[in-house]
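Trainee: In order, the protein sequence lines correspond to chains A and B. Residue numbering for the first sequence follows our numbering, starting at 1 and increasing by one per position. Residue numbering for the second sequence follows our numbering, starting at 1 and increasing by one per position.
No wet-lab data here; the hints were simulated from the structure. Do not rely on the hints blindly, as some may be mistaken.
Note that the list lumps identical chains together, so a pair holds whenever it fits in one copy or between two copies.
What the hints assert, rightly or not - Computed cross-link-like contacts, SDA-like style, restricted to lysine to any residue with a CA-CA straight-line distance of at most 25 Å:
| no. | residue 1 | residue 2 |
| --- | --- | --- |
| 1 | Lys88 | Arg98 |
| 2 | Lys122 | Arg157 |
| 3 | Lys136 | Asp226 |
| 4 | Lys122 | Pro214 |
The residues making up each chain are set out below.
There are 2 protein chains.
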Amino acid sequence: MTTNSQTTRLYHHPLSPFCRKVRLVLGEKRIEVELLEERYWEGGPELLRRNPAGKVPVLRHNGMLLAESQAICEYLDETVPQPPLMPKVPSERYEVRRLCAWFDDKFNAEVTQPILQERVWKKVMRTGHPDSRAVKSGLKAIKDHIDYLSQLLETRRWLAGNTLSLADFAAAAHFSCLDYISDVDWDRSEALTNWYATIKSRPAFRSILADQVPGIHPAPHYAELDFG
Amino acid sequence: MTTNSQTTRLYHHPLSPFCRKVRLVLGEKRIEVELLEERYWEGGPELLRRNPAGKVPVLRHNGMLLAESQAICEYLDETVPQPPLMPKVPSERYEVRRLCAWFDDKFNAEVTQPILQERVWKKVMRTGHPDSRAVKSGLKAIKDHIDYLSQLLETRRWLAGNTLSLADFAAAAHFSCLDYISDVDWDRSEALTNWYATIKSRPAFRSILADQVPGIHPAPHYAELDFG
Numbered sequence: 001m002t003t004n005s006q007t008t009r010l011y012h013h014p015l016s017p018f019c020r021k022v023r024l025v026l027g028e029k030r031i032e033v034e035l036l037e038e039r040y041w042e043g044g045p046e047l048l049r050r051n052p053a054g055k056v057p058v059l060r061h062n063g064m065l066l067a068e069s070q071a072i073c074e075y076l077d078e079t080v081p082q083p084p085l086m087p088k089v090p091s092e093r094y095e096v097r098r099l100c101a102w103f104d105d106k107f108n109a110e111v112t113q114p115i116l117q118e119r120v121w122k123k124v125m126r127t128g129h130p131d132s133r134a135v136k137s138g139l140k141a142i143k144d145h146i147d148y149l150s151q152l153l154e155t156r157r158w159l160a161g162n163t164l165s166l167a168d169f170a171a172a173a174h175f176s177c178l179d180y181i182s183d184v185d186w187d188r189s190e191a192l193t194n195w196y197a198t199i200k201s202r203p204a205f206r207s208i209l210a211d212q213v214p215g216i217h218p219a220p221h222y223a224e225l226d227f228g
Numbered sequence: 001m002t003t004n005s006q007t008t009r010l011y012h013h014p015l016s017p018f019c020r021k022v023r024l025v026l027g028e029k030r031i032e033v034e035l036l037e038e039r040y041w042e043g044g045p046e047l048l049r050r051n052p053a054g055k056v057p058v059l060r061h062n063g064m065l066l067a068e069s070q071a072i073c074e075y076l077d078e079t080v081p082q083p084p085l086m087p088k089v090p091s092e093r094y095e096v097r098r099l100c101a102w103f104d105d106k107f108n109a110e111v112t113q114p115i116l117q118e119r120v121w122k123k124v125m126r127t128g129h130p131d132s133r134a135v136k137s138g139l140k141a142i143k144d145h146i147d148y149l150s151q152l153l154e155t156r157r158w159l160a161g162n163t164l165s166l167a168d169f170a171a172a173a174h175f176s177c178l179d180y181i182s183d184v185d186w187d188r189s190e191a192l193t194n195w196y197a198t199i200k201s202r203p204a205f206r207s208i209l210a211d212q213v214p215g216i217h218p219a220p221h222y223a224e225l226d227f228g
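Whole structure, please, built from the sequences with the hints as guidance.
Mentor: Given below as structure tokens:
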């Protein structure tokens, strides 16, 4: 691949839900991106130069270096308006942002982070063996989250309302990481399973379904589009 | 105070930086608000009805119940435009959001949460004695943050650029909680001290400087406007 400083490039890790959210938004907006895997936990001056917070995602785009997934996604939505991923009405925009925070803060702290920390990061970073109590706590917490989302989907076509939004991509980013290691009990909610099957079939999802992390094999159904 | 369901009411805790951010924005926008202290760690169905995430801040406003501080603040800025707390240019809006996330995510995890957990929450929630290692780790981390912010302020009047924004209030919310318990080494950076002295003298800050948490006395300089 020929690259130059004008190429849009994402420094990322395949199983980071925050990076996946940005990848999904780039895909929806049809922005071509070069993916560069970053072993951010190893630190280093280049990493800190790109993002003083020392983490991924970092998007090099239009001569800027952008960090923080929500700030990146809102910037992309404001500068590449088609298709819109934020509603126009303030109360609806509020609901999208509330749910993005729900996933990136609460769901991440209670579910994604404890499960991935034990099942993925300890293996990738070689920092020890999984602690099954942490995994159990995440698998217990995900049940309440699935029930809450099912309840939202009783009256809404998408998570934040009747239009597809950033909230759906934030949620799908987390669920897809957990689904890679087969930690989502899809039998618990038909509504949520249908929602995920629909969003998973979008072209923006293709690169995510093709992800392979060395030593951690995806669940057999991970890339299937008719799993529901 | 006479109240009715139309009164804007904030369910909060005085030493939550997320609640303080919302209070500062309400103050800047001159929205009168009734404050109701919420012992959110005790749980309960009313708390969950107001916010299924079970935490504060929750703002009752215009017949809605709003949660998640960043979503609330952006909603207030979109619906009560004066004074504006977000710039108009996308790249500047991005920088405001990046820094809000910096404080509410990174600064909170490395500094505010470990220090307040040990020095405030354990006392308020009666869950044990402070662990001095956690406090030390927070006090070590705050040095790097102060240095980073000083560096930003070398070329900017406010944290995210040359206009006052949500980023300043997110930052001031965290610093003011730590300053209440005297955990900010203001001698480390004249630029940051001047920035804080300026923002602290705004009328929106008054209610925060008057806060009193039973059993936890504010530092003697906490409410002084000429401490710098």
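Trainee: If a hint holds in the structure, say so; if it doesn't, say that too.
Mentor: Status of each hint after checking the structure:
1. Lys88 with Arg98: Answer is both: 15 Å inside a copy and 22 Å across each meet the 25 Å cutoff.
2. Lys122 with Arg157: neither (37 Å within a copy, 43 Å between copies)
3. Lys136 with Asp226: So Lys136 and Asp226 fail the 25 Å test inside a copy (28 Å) and across (52 Å) alike.
4. Lys122 with Pro214: Result: close within a single copy only, 13 Å intra versus 42 Å inter.
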